[in-house]
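Number of protein chains: 2
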Amino acid sequence: MTSSATSPVLDTARRAKAAAAVLAPLPRSVRDGALLAIADALRARTGEIVAANAEDIDKARREMAAAGGGRRAGGSSEALIDRLTLTPERIEAIAADVTKVVALPDPVGEVLRGSTLPNGLELRQVRVPLGVVGIIYEARPNVTVDAAVLCLKSGNAVLLRGSSSAYASNTALVAVLRDAVQAAGLPADAVQLVPGESRDSVKELMRARGLVDVLIPRGGASLIRTVVEESTVPVIETGVGNCHVYVDEHADLDMAVKILVNAKASRPSVCNAAETVLVHAAVADAFLPRALAALAEAGVTVHGDERWQRASDAVLAATEEDWATEYLSYDIAAAVVPDLDAAVAHIRRWSSGHTEAIVTRDQSAARRFVALVDSTAVMVNASTRFTDGGQFGFGAEIGISTQKLHARGPMGLPELTSTKYVVTGDGHIR
Amino acid sequence: MTSSATSPVLDTARRAKAAAAVLAPLPRSVRDGALLAIADALRARTGEIVAANAEDIDKARREMAAAGGGRRAGGSSEALIDRLTLTPERIEAIAADVTKVVALPDPVGEVLRGSTLPNGLELRQVRVPLGVVGIIYEARPNVTVDAAVLCLKSGNAVLLRGSSSAYASNTALVAVLRDAVQAAGLPADAVQLVPGESRDSVKELMRARGLVDVLIPRGGASLIRTVVEESTVPVIETGVGNCHVYVDEHADLDMAVKILVNAKASRPSVCNAAETVLVHAAVADAFLPRALAALAEAGVTVHGDERWQRASDAVLAATEEDWATEYLSYDIAAAVVPDLDAAVAHIRRWSSGHTEAIVTRDQSAARRFVALVDSTAVMVNASTRFTDGGQFGFGAEIGISTQKLHARGPMGLPELTSTKYVVTGDGHIR
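Going down the list, the sequences are from chains U and A.
What the first sequence shows, in numbering that gives the first Met the number 0, is residues 0 to 429, in sequence order.
What the second sequence shows, in numbering that gives the first Met the number 0, is residues 0 to 429, in sequence order.
It is possible that part of the hints are untrue.
What the hints assert, rightly or not - Stretches of chain A that chain U covers, calculated by requiring three or more beta carbons in the stretch to come under 8 Å of a beta carbon on chain U:
hint, region
1, 223 to 235
2, 244 to 258
3, 371 to 381
4, 412 to 420
Stated by the list, open to error - Across the chosen pairs, the derived CB separations fall in these ranges:
hint, chain 1, residue 1, chain 2, residue 2, range
5, A, Gln362, U, Ser197, 46 to 56 Å
6, U, Thr5, A, Asp340, 19 to 29 Å
7, A, Arg289, U, Ser197, 53 to 63 Å
Calculated from the structure, these hints are not laboratory results.
Quick reminder that beta carbons are idealized off the backbone N, C-alpha and C, glycines included.
Turn these sequences into a full structure, and let the hints guide you.
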C-alpha cells in the first residue's frame, strides 16, 4: 500500500516498520529489560556522550560568535547553550528517569471493552502499540532518550528527528540506545535517528504514510504549523499555549493575584504559562492596581487595553497581535471584559486551545466557563501551570496535544497506543 | 488562528463552527428532542423527499442512457439506481432508525478518568463533542440522515458533502433536517450541506483546518486516498477492506468452508467481505477441492496461485494485483502458504488493515495470529463479516476506521467525541 520510492529517510522508516512488527508482540518483561539496559548504558558511556555534546556546544558557540552573540529567538545565547548541555549529572538524571518509566503500568494488552455478544461471539477491544512513532523536536538532547523510552515502553518503534544543533549529541545517544536495546533482545532498528541535518529529511518523513503511523512535532509554532500543513502521515499537534486567566466578578481577589502571578511568572518559557489575563469589569477597580503591583514585582510587562492603560503608566498599549501572541516571556496581555460570556468569546477567538483558568467563588460561573471553553484543560481556581503529565500523575509525558483527535492534553503511555478488536467464535457466520 | 479567506464553503464551515459552540453545552434532552423532531419531519415530509429523489433518479437514468447503459464501476446501472432510490418505505425505515439512536447512551459528559491529586486538585477527563465533523460520501442518500443524526446525538455540528448524483435528494433531506433541529431549539446551522457539486468544494473543505475538526471520507478507495493525501484537516480513514481468511493446519475444515463462503459471498460489495483466502500447505489437498466446490456453488471466481490452479481448471492465475485488490465482487484471490507465519507475512504485505480471520482448533496458533496480525479486527473461528458497529452492539456506526489514530474499527458515538480535562482547586499554584 506504500510507495516503493527509496531514500535514506524512507529506508530508515521501512526498517522501523519491520522492527515494529517484531516489537509489538513482545511481552512487557522484554521491553522493560531493554529500558533497564538503556539506563545502564547511559551511565556506562557517559564520557562518550559528554564528548559528543562538547562538539555541539563548540559549534553553537562558534555560530553565536559569528552572529555577534547576544539574544536570539528562543532566549539568550547562554540559555540556548544551557538547554543543549549534557553533564554527567544530567545524564545520571536522565538514566534515573528511564528507570522510573520501567515501573509505570504497561498500556499494551489492556482490555478497554469486552463483552459476549448475543450470538455468543466474544468481543474484546485491546490496546496495541501504534507501530512507528516519529518525533520531530528542537534543541534539548534529553528528549532523545525520553521519547525513545516512552515509545519502547508502549511497544512502538521510534524515529527521532532532533535539531541539527544537537546532531552530534543525538548521534551518540542513539548509538548507546541501539546497542542497549539490541543487547536486551529487541531489534536495534526500534530506535533510529532520521538521517540528514537538512529540512528535506523532515519533508520526507512527513510523506512516509504507510510506513510511519504518527508524527509528533515538539517545538516552536512554525515547526508545528509546517508539519500540520504538509504531512500526509497523521499528526498530533502539540504544545502551542496561548493560555488565559479569567478573573470573575465573584473571584477571591487575593487568590486571583496569586494564581495570575504563578501562571505567568513561575516559568514563562513553557506552554502552560498564561499569556493573557481577562478581568470582569465589576472587579476591575479593585483588582487592577493589586495585579499591576504583583506583576511588576515579578518583573512582568503588561500589554493592556484602555482600562489597564488608565490604571498605570507602565502598561503598554495592546494590539490584536498581543491577543494572538504566545509571549513565552515576562510579558502578558490584559483586558477588562463586561462579563463571563465576553471572556469566553475572547478565549474562543484567540486561544490556541491549550489551558484556560477561571478564578471565581461562584459555582454556576465555574460550571458555565467549563462548559463553554473549548480547550484541552480548564482550571477552576488553579494555575494554568498544572496542565502537565507529571502534575496529572501520568508518570511521563511525550507532549501536550492541543488537537481533538486521538489525544487531547498531556500524553502519557496510553496515548501512544491504538486498539485492536479480537473476536472469538466457534464457526460463527452471518 | 484560521485564515480569513472567504468562499461559500468556508462560510458554511464558519457557520458550523459557531453552531458547534452553541450545541456543545446543550443537555442531552435538547439533542434527543431534535432527533425525535427529525424522525417526525421525515415522516411528515416524505412526499417532498421522494419528489426530489425522483429528479436524481431521472438524471441518473438519462446519464446512463447517454453512456450506453450496462455495467459501470461499482455495479450495474440498476444497482446504482437502487442505492439512490428513496421510497416512502425506505424513508419510514430511516425515521425508525433515528428514533433508535435517541435511545443510545449519551457519550457527552462521560468521565473517563478522575482522581484527586496528592495536592488536593480534583482532576476529571470528560468526553466532549469534537466540534465540527465533515462527512464526504458517495451515492446513498440515507447516509445524509444517518451521519447528521449521529453527529447531533454526540453534540457535533455536521457538514455533509454527498455525491453530486444525489444532490437533489440531499438538498431536500437537509432542508427537512434543518427545519426540524431549529424547531427543537438547536441552531439550523448544526446541519449543513456543503455547497457546490464540483470537486473544488471538497478541496476547500479539506483545507478548512481550524474550522472543521475532522473529516470522515466514506466511499471508494480513490476518494479516501485523495482526502488523506490532500487534507490539512485531520482525517479518519475508513472502509477499504482487503480482508483475509487464513485456514490453519489445525482448522476444522467444515467450519473453514462455511466461514470462507460466508466471508466472501454473503455480501461481496461491503468492506468486511473477504478478498483473499490463504491455506496452510498441510491441509491444502483436503481443503482445496471442498472450498472450490462450495465457492463455485456460491458463484465465486477464484484467482489462485499455482497450487490452486492445479486443483481446478476453473481457477484463474493470480498476479500481484490480485493480492492487492479489494474486488467487492464474486471474486476471491487464493494462495497456499507453508505455515502460519507466511500467512501473517502475506497479510502484513497486502492487507488494508481492516479484518483478518483465522480458522483453527489450535489455541497457540490463534494466539500467535492475533498477536502478529496488525489489523483493526482479528477473527478467530468467525467470519470477517462481523466487523460492523451493529454486530458489535454499538447501536450505530458512522464508518469503520482502518487507521490507528483516534478510532480504529467500527466507530460509534464515543468515537465522535474528544475529551477535556477539568481541574478544580481552591487557589492551587505550582
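Verification of the supplied hints:
no.	hint	verdict
1	223 to 235	holds (count 6)
2	244 to 258	holds (count 4)
3	371 to 381	holds (count 10)
4	412 to 420	holds (count 4)
5	A:Gln362 x U:Ser197: 46 to 56 Å	52 Å, holds
6	U:Thr5 x A:Asp340: 19 to 29 Å	26 Å, holds
7	A:Arg289 x U:Ser197: 53 to 63 Å	59 Å, holds
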